[in-house]
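*Asks:* If you want the building blocks of each chain, they are given just below.
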Amino acid sequence: MLTIIIRTVLIYVIVTAAIRIMGKRQVSDMQTSELVITFIISQTASLPLEDPDRPLLNSLIPIMMIIAIELIISLVMMKSRKARSIICGHPIVVIKDGRILESQLRRLRISYEDLYSLLRAKDISDEKGVEYGIIEPNGTLSVLSKGEVSEDGIKSRDLRDELDSLSGAATKEAMA
Amino acid sequence: MKRGWIAVVMIALSLICGGFEYIFVTSNADVYAGMLDDADDKMEHSLIKDAESVVRRLDHRFRSERGVLNMFMNHGGADNISSDLAMLCRYAQTGDTEEFLATSARAKREILTMRESKRLSWGNIF
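Note that the protein sequences, when read in sequence, are chains A and B. Residue numbering for the first sequence follows the numbering used here, starting at 1 and increasing by one per position. Residue numbering for the second sequence follows the numbering used here, starting at 1 and increasing by one per position.
Rather than coming from a laboratory, the hints here were simulated on the basis of the structure. Glycine is no exception: its CB is placed at the ideal position from the N, C-alpha and C atoms. Heads up, a few of these hints could be off.
[What the hints assert, rightly or not] Only part of the chain B face toward chain A is listed, based on derived beta-carbon distances under 8 Å:
id, residue
1, I16
2, C17
3, G67
4, M71
5, M73
6, N74
7, H75
[As the list claims (entries may be wrong)] Below, computed lysine-lysine pairings styled on DSS-like, alpha-carbon distance capped at 25 Å:
id, chain 1, residue 1, chain 2, residue 2
8, A, K82, B, K108
9, A, K82, A, K146
10, B, K2, A, K79
[Claimed, not checked] DEER-style ranges, computed between Cβ atoms:
id, chain 1, residue 1, chain 2, residue 2, range
11, B, N124, A, R160, 40 to 50 Å
12, A, T16, B, T94, 49 to 59 Å
13, B, W5, A, A83, 32 to 42 Å
Please work from the sequences and hints to get the whole structure.
*Replies:* This is how it looks when you write it as structure tokens:
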């Protein structure tokens, strides 16, 4: 029992240090890969607590490797838009000029009701006042109301690319 | 960039630990298996005292390295090998050749399994 107590303290300290090094925020702010890694670390960390026969290094080394891989991938994503797009995805515009883009909702497998629920959480009752409604890579909805978008337009390249690719789709939806 | 260096250090530490584990476990497993073969040979040739001496040296060596081995292998596995070595000492003392050889075969199998589990092979990876 004493060994389990000491292991628990060690693992707690190491996992906390690991999360600090990775710079985690709240779960709702995490990218998909970050959430997956957090789950894997927690699962791996619990193994030597469940089985005292298992060496502690069998969990600590995988945790270190996971943190190292996560740090390297986050550096790569910082330098490469393509890598970021592949690993985390990119923002998806679901509302444009007050119109809900049904094709985008189908792409994300989100229903109208899900979208209205997200809008209500932002105190928005009607999509007509929304210039851009964007589902971010972490699954949250960002809303740019009419008049909020500056004259310079959207500065995010990911979002500009998405809007450019939508131009054709939005025209077809408007005609439909 | 600081985090990049942290990542590099972590990978280096992991590789050093992995390399040390591989070298330590496999080289010692080879020594243990070799000593068991030697003891078996002496027992088969009725050199009971010599066999007992070899087994006692092996038992002493295993017990002294057990702390490090426990860091790299399942403690139950190390306990089994330790128990077998203790029994071998007893069988050598009483001159019970059949039990000695049977227990020695079991201990050798456990030691070779311990070594094989550390090898970098497709079987171990998957």
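*Asks:* Which hints, by number, does the structure contradict?
*Replies:* 1, 3, 8, 9 and 13
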